[in-house]
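*Asks:* Sequence lines, in order, name chains D and R.
Numbering-wise, our numbering puts 104 at position 104 of the first sequence, and it's gapless, one number per residue.
Numbering-wise, our numbering puts 1106 at position 106 of the second sequence, and it's gapless, one number per residue.
No wet-lab data here; the hints were simulated from the structure.
Keep in mind that a hint or two might mislead.
As the list claims (entries may be wrong) - Derived lysine-lysine pairs resembling DSSO-like cross-links, with alpha carbons at most 30 Å apart:
hint: 1; chain 1: R; residue 1: Lys-1049; chain 2: R; residue 2: Lys-1103
hint: 2; chain 1: R; residue 1: Lys-1049; chain 2: D; residue 2: Lys-94
hint: 3; chain 1: R; residue 1: Lys-1115; chain 2: D; residue 2: Lys-94
hint: 4; chain 1: R; residue 1: Lys-1058; chain 2: R; residue 2: Lys-1103
hint: 5; chain 1: R; residue 1: Lys-1069; chain 2: R; residue 2: Lys-1115
hint: 6; chain 1: R; residue 1: Lys-1058; chain 2: R; residue 2: Lys-1069
hint: 7; chain 1: D; residue 1: Lys-94; chain 2: R; residue 2: Lys-1069
hint: 8; chain 1: D; residue 1: Lys-94; chain 2: R; residue 2: Lys-1103
hint: 9; chain 1: D; residue 1: Lys-94; chain 2: D; residue 2: Lys-79
hint: 10; chain 1: R; residue 1: Lys-1058; chain 2: R; residue 2: Lys-1115
hint: 11; chain 1: R; residue 1: Lys-1103; chain 2: R; residue 2: Lys-1069
hint: 12; chain 1: D; residue 1: Lys-79; chain 2: R; residue 2: Lys-1103
hint: 13; chain 1: R; residue 1: Lys-1049; chain 2: R; residue 2: Lys-1069
Unchecked claim - Pair ranges (Cβ atoms, derived):
hint: 14; chain 1: R; residue 1: Leu-1007; chain 2: D; residue 2: Val-15; range: 32 to 42 Å
hint: 15; chain 1: D; residue 1: Asn-30; chain 2: R; residue 2: Leu-1007; range: 30 to 40 Å
hint: 16; chain 1: R; residue 1: Ser-1030; chain 2: D; residue 2: Ser-17; range: 12 to 22 Å
hint: 17; chain 1: R; residue 1: Pro-1040; chain 2: D; residue 2: Lys-80; range: 24 to 34 Å
Note that CB positions come from ideal geometry on N, CA and C, so glycine has one too.
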Amino acid sequence: SQTIHQWPATLVQPVGSPLSLECTVEGTSNPNLYWYRQAAGRGLQLLFYSVGIGQISSEVPQNLSASRPQDRQFILSSKKLLLSDSGFYLCALKDSISYEQYFGPGTRLTVT
Amino acid sequence: AQSVTQLDSQVPVFEEAPVELRCNYSSSVSVYLFWYVQYPNQGLQLLLKYLSGSTLVKGINGFEAEFNKSQTSFHLRKPSVHISDTAEYFCAVTQLYNTNAGKSTFGDGTTLTVKP
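Isolated chain R (complex conformation) (with noise of 0.2 Å):
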């Protein structure tokens, strides 16, 4: 069975203050990762994917994270939020293999609020 573990359940920030949202996660096989972002009262949308290649991934509004195979963690960061980042972050993987193929699973969301 695959779990994720997102660290803090909320992250206060100042405003131009670099971030930093952590996720850890378990699997017998391989997994493709992402990070997807929830403003209020909206659904996911992805912010970046991890399928394969450079364990370094960019996506949306300056937002990257480093897949680390070892630590079995995948962090969110962005070096200067802004009031606008201020919303639900999840981490969720999909496993590749076995029965389980293709089922994802979330964590329970890291609440970032970008104080001015």
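Next up, chain D with everything else stripped away, as it sits in the complex (with noise of 0.2 Å):
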């Protein structure tokens, strides 16, 4: 079965610091990946999601990208980041058949 593995768990970081958080997923080839940011107290924002190696699809504008180096690699980034992006940022990866969602662990990211 499938692992995904997110890191770091936590990070507290400066506005206007850059970004970088990695997903990495075991037991499976070629998946659909997906970055979610969760506020607090609210529900899932998808913020990008991919179908393959270098194959990015945005949901919505803003200064966070991403990016698939490899099969089972998908990197969130940000070159400054803004209060706004603060929250629980959730990789996750979709079966192809019965679209069922599997979630990493999640990265709690606090900008200050």
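Using the hints, put the two chains back together into the complex; each one sits in its own frame.
*Replies:* Shown next as structure tokens:
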């Protein structure tokens, strides 16, 4: 079965600093991968998804970007963080038949 | 476009009482339906899913949900809750056809708090 790893688990960064969050997947190949953000007390906001290496679709225009340098690696980045970037970031993969999603443990980002 | 409405943002309930978390959806095409649970500071995990067939689906931890096509609802139920069921619950739909096939939409979540 597939496993999703995310790191770091928690991160505190000052406004204007860069960001790099990593997601790696085990136990499957060519997964459809997703980045979600969850603000405090809110639902899930889809940020990016990728159906393959180098293929990124953005759902929400903002100062974040994503990359997929390898089949099972998905990276979320920013050049300059904003206070509004604080939240809980979740990486997920979606089963291509049942559309069930499997989530990683998440990264808690606090921008100060 | 599809949408999901979770009708209750917070549901407090006493231990061993029954609970229902309500979810309505809107979609112009057929959908798959899901309930996920999120414990504090963790990712989401699947509780149950409706793909086709029987409209009553059973999931993990004693939860079940009923798909009602005419009312476009997918309410989650448990006959007797435990303290350990305290968590955030998300309803989600995934569209099956047209240009948005495979796209998922999540509700805003319902916080279930089980009190002793």
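*Asks:* Decide, hint by hint, whether the structure agrees.
*Replies:* Hint by hint, here is what the structure shows:
Annotation: proposed proximity of Lys-1049/R to Lys-1103/R holds, straight-line Cα distance about 16 Å (limit 30 Å). For a cut-off of 30 Å, the pair hint linking Lys-1049/R to Lys-94/D stands: about 14 Å separates their Cα positions. Taking the CA atoms of Lys-1115/R and Lys-94/D, the gap is near 34 Å; set against the 30 Å cutoff, the hint is violated. Distance restraint check for Lys-1058/R and Lys-1103/R: the Cα-Cα separation of roughly 24 Å lies within the 30 Å cut-off, and the hinted pair is therefore satisfied.
The suggested pairing of Lys-1069/R with Lys-1115/R is violated, with an alpha-carbon distance near 33 Å, which exceeds 30 Å. The hinted pair formed by Lys-1058/R and Lys-1069/R meets the criterion: a straight-line CA distance of about 17 Å does not exceed 30 Å. Simply put, Lys-94/D and Lys-1069/R have alpha-carbon atoms about 24 Å apart, close enough for the 30 Å limit, and the pair holds. Pair hint Lys-94/D plus Lys-1103/R holds up; C-alpha atoms about 10 Å apart against a cutoff of 30 Å.
As the CA atoms of Lys-94/D and Lys-79/D are separated by approximately 28 Å, the hinted pair is consistent with the 30 Å bound. For the hint pairing Lys-1058/R with Lys-1115/R, the CA-to-CA distance comes to about 24 Å; that is within 30 Å, so the pair holds. Between Lys-1103/R and Lys-1069/R the CA atoms are separated by roughly 20 Å; this keeps the pair inside 30 Å, and the hint holds. This hinted pair checks out: Lys-79/D and Lys-1103/R have alpha carbons roughly 28 Å apart, not beyond 30 Å.
Pair hint Lys-1049/R plus Lys-1069/R holds up; C-alpha atoms about 15 Å apart against a cutoff of 30 Å. Here the CB-CB span from Leu-1007/R to Val-15/D is close to 37 Å, well matched to the stated 32 to 42 Å. A beta carbon spacing of about 38 Å between Asn-30/D and Leu-1007/R agrees with the range 30 to 40 Å that was offered as a hint. Remark: the range hint 12 to 22 Å for Ser-1030/R to Ser-17/D is contradicted by a beta-carbon distance near 45 Å.
For Pro-1040/R and Lys-80/D, the Cβ-Cβ distance of about 30 Å falls inside the hinted range of 24 to 34 Å, so the restraint holds.
In this structure, the earlier hints numbered 3, 5 and 16 are contradicted, and the remaining ones agree with it.
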